[in-house]
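> Start from the sequences, fold in the hints, and give me the full structure.
First to last, the protein sequences are chains A and B.
All residue numbers in the first sequence are consecutive under our numbering, ending with 412.
All residue numbers in the second sequence are consecutive under our numbering, ending with 79.
The hints are simulated quantities; they were obtained by calculation from the structure and are not laboratory data.
Positions of the beta carbon are idealized from the N, C-alpha and C atoms, including for glycine.
Heads up, none of these hints are tricks.
Here are the simulated DSS-like pairs of lysine-lysine, each with C-alpha atoms no more than 27 Å apart in a straight line: (1) A:K111 - A:K228; (2) B:K31 - A:K254; (3) A:K143 - B:K60; (4) A:K11 - A:K139; (5) A:K148 - A:K47; (6) A:K246 - B:K31; (7) A:K254 - B:K30; (8) B:K30 - A:K246; (9) B:K60 - A:K139; (10) A:K148 - A:K54; (11) A:K409 - A:K367; (12) A:K131 - B:K31; (13) A:K390 - A:K352; (14) A:K131 - B:K30; (15) A:K131 - A:K316; (16) A:K111 - B:K31; (17) B:K60 - A:K157; (18) A:K13 - A:K115; (19) A:K367 - A:K353; (20) A:K148 - B:K60; (21) A:K408 - A:K356; (22) A:K379 - A:K352; (23) B:K31 - A:K54; (24) A:K402 - A:K390; (25) B:K24 - A:K246; (26) A:K131 - A:K11.
Derived coverage of chain B by chain A (criterion: at least 3 residues anywhere in the stretch with Cβ under 8 Å from a Cβ of chain A; other residues may be distant): (27) 24-36; (28) 49-61; (29) 72-79.
Listed here are the chains, written in short residue letters.
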Amino acid sequence: MKIKDNVDVLVVGAGPAGSIAARVLAENNVDVLVLDKKQEIGTPKRCAEGIHSNVLDTVGLKPDPLWVVNETLGAIIYSPSEKKVEINFNDVGIGGYILERKIFEKHLAIDAITSGARYAIKTMALGVIKENGKITGVKAEHMGEEIKIRSKIVIAADGVDSKIAKSAGLNTTNRLEDYESGFQYEMAGLKNINFKYLHLFFGSEVAPIGYVWIFPKIKNTANVGVGILSSRSTPEKNAKYYLDKFIEDHPDIFEDASPIEINAGGVPVSSSIDTFVMDGLMVVGDAAQIVNPLHGGGIRLAMNSAKIAAEVSVNALKENDFSSSRLYEYERIWEETDGVRVKKLLKVRAFLEKLNDKDFERLADILGAKDIINLSNANYKFLFRLLLTKAPKLLPLAKKFLV
Amino acid sequence: MNVGIRNREAHASILKMRIDRKKCCYCGGCVGACPLNALELWETELVVDEDKCTDCGICVKCCPVGAIEAD
Chain A
10 MKIKDNVDVL
20 VVGAGPAGSI
30 AARVLAENNV
40 DVLVLDKKQE
50 IGTPKRCAEG
60 IHSNVLDTVG
70 LKPDPLWVVN
80 ETLGAIIYSP
90 SEKKVEINFN
100 DVGIGGYILE
110 RKIFEKHLAI
120 DAITSGARYA
130 IKTMALGVIK
140 ENGKITGVKA
150 EHMGEEIKIR
160 SKIVIAADGV
170 DSKIAKSAGL
180 NTTNRLEDYE
190 SGFQYEMAGL
200 KNINFKYLHL
210 FFGSEVAPIG
220 YVWIFPKIKN
230 TANVGVGILS
240 SRSTPEKNAK
250 YYLDKFIEDH
260 PDIFEDASPI
270 EINAGGVPVS
280 SSIDTFVMDG
290 LMVVGDAAQI
300 VNPLHGGGIR
310 LAMNSAKIAA
320 EVSVNALKEN
330 DFSSSRLYEY
340 ERIWEETDGV
350 RVKKLLKVRA
360 FLEKLNDKDF
370 ERLADILGAK
380 DIINLSNANY
390 KFLFRLLLTK
400 APKLLPLAKK
410 FLV
Chain B
9 MNVGIRNREA
19 HASILKMRID
29 RKKCCYCGGC
39 VGACPLNALE
49 LWETELVVDE
59 DKCTDCGICV
69 KCCPVGAIEA
79 D
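As structure tokens, this is what we get:
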């Protein structure tokens, strides 16, 4: 198949961010081409596949049984001694879904193509074309053949291992202190857990600065994974070590289980890269380190950043202005919306990182379901009053990181 | 499946880092952490550019499966 060599907008990466950008652009009659290095969109997955309804609402999607494989009623959080705090999604007005991510990504691509976008897969973007300081396209390789594609705007949606923004000169390197190292088995044959709930396990022995998750899918299967802070990982005690240990320590759940898939990956938990735009370039999603720094979930923020970038592109194309100062509108809108919450969540993360297992036990005693939802939404003012009366020892720490 | 090092012969004498192709899951976690842009992930190929790699060890630390080793 012939790949176009000149388009208005070139999107690199056909993940959720890339395909949402492509759909929004195509809906506005923009000539858009999406490149992806993989030969199958969505595979391999680097995802725990648990989302809530807001994720879909953000980009106007309705849950579709083609890619929603389980609906969850809530989450159970386990303290280091496995004291449980149960959160019911109904109480906070959200729905919980488990995706089949590979199918979900394909459907996002189908929607974009149906709207008029074009895709080229097994096409690896090697780097940007830069002329007079402006990004004017991308060099790529398709099945052994090197090609050049010109564009007015390049949208880098090429994920955590982004090369495009780096090749343009932006610093998108993840610092080990702001980077979770993740490992996951999709497993069949689990027992003795509630398959309608997400399960999250905390503790320094379980996952240093991170957590273990069990997100149930179809029948008796689930994504069972761990994220640990990369700076705490060692070649011996790495993410896989912690997950294998957790599975061994829980024979009641796993003694009859086996993996049907292995997944791994890095998760940015910073508050984003310094700048998202250059002349002719916008960076979105994981590539811009736009991820929820508290739980590491990235789909909603990635899709929303892509939507904003695409909407700004539509107007920039009408004005025929692709300068960084014109494209900066994307960064400004993001900073004023999601960016505000992400910066607050980073503070919550900094506070939680300083707690030891004993502190976590105390929090499990005093925090209710609503409190945890509030914390995860970066509404933490209530915490000062609560700590003052019930855990005054933690108050100085809260003041240091949350004020 | 292939885990490569550009200019492998020259590499052996210069760099200490090694990728264990039997452990690598091709997740790209190391690529995202490499400060020198020395790693590149293709579909089932992880390539180290020995001209850029300085043996800093960051990839060794963040690999979720311990597939990167250094002496």
